[in-house]
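> Letter by letter, the chains look like this.
There are 2 protein chains.
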Amino acid sequence: MRALKYDSNGLLTGVAQNAESGEVLMVAMMNAEAVALTLETGQAHFWSRSRGKLWLKGETSGNILDVQEVRVDCDGDALLLRVRPRGPACHTGNRTCFFSALEEDHAE
Amino acid sequence: MRALKYDSNGLLTGVAQNAESGEVLMVAMMNAEAVALTLETGQAHFWSRSRGKLWLKGETSGNILDVQEVRVDCDGDALLLRVRPRGPACHTGNRTCFFSALEEDHAE
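Just so you know, the sequences run in chain order A and B. Each residue of the first sequence is one higher than the one before, starting from 1 at the first, in our numbering. Each residue of the second sequence is one higher than the one before, starting from 1001 at the first, in our numbering.
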């Protein structure tokens, strides 16, 4: 129905959400290969800009995100991965990467 | 606590989530001014790449996103806006921009 729209670097935004609790776990970029592998394997894959490589989330930690559903937004440049996490989603050991409140004096 | 990390275009990713239901509503980019205005006004502001301008979500439709809390991720390049929407978040009239399931044959 809806074509995916990758940016000039071949990337779109992926948002992983715990399908059961609704908690937003992480945001990372995906290229076409990451999208295809996520759909094929049912495990969330991303593109690491800092490392310049494809990345199976949890490949070293074991904290795989098993994907139950993938949703796409109205303009096709963001995907919502509804997942069941096998462990903490954040490399810090926190359940979510969004464990900090933004305080106003740190926003600028 | 955590400095925000804007990309080479001065942007980071904003994810708006209904604070009550947990539904993910939309993903859009934010520049420093959008972040500052969001915090100052309590209404979600974004940066429109296609229009090249700052954008108060709902400025024409009235479907403002009132922001209850802003959270930042572990590497400082994504914000989670926990909001109370005044109406449908999507310009299509849908409650969320993620109203479509991605089907495997449309992903490539």
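The set of hints was computed from the structure by calculation and includes no laboratory data. Treat the hints loosely; a few may be bogus.
[To be verified] Computed cross-link-like contacts, DSS-like style, restricted to lysine-lysine with a CA-CA straight-line distance of at most 25 Å:
hint : chain 1 : residue 1 : chain 2 : residue 2
1    : B       : Lys1053   : B       : Lys1005
2    : A       : Lys5      : B       : Lys1053
3    : B       : Lys1053   : A       : Lys53
4    : A       : Lys5      : A       : Lys53
Remember, predicted model here, so these are calculated numbers, not experimental data.
> So if I understand the rule, the pair passes when the alpha-carbon distance is 25 Å or less; does Lys5(A) with Lys1053(B) pass?
Distance of about 20 Å is within 25 Å: holds.
> Run the distance test for Lys5(A) versus Lys53(A): straight-line Cα separation, threshold 25 Å.
holds, 20 Å
> Taken at face value, is the distance from the CA of Lys1005(B) to the CA of Lys1053(B) at most 25 Å?
holds, 20 Å
> Has the given pair, Lys1053(B) with Lys53(A), been kept, meaning a C-alpha gap of at most 25 Å?
violated, 32 Å
Of the hints listed earlier, the one the structure fails to meet is number 3.
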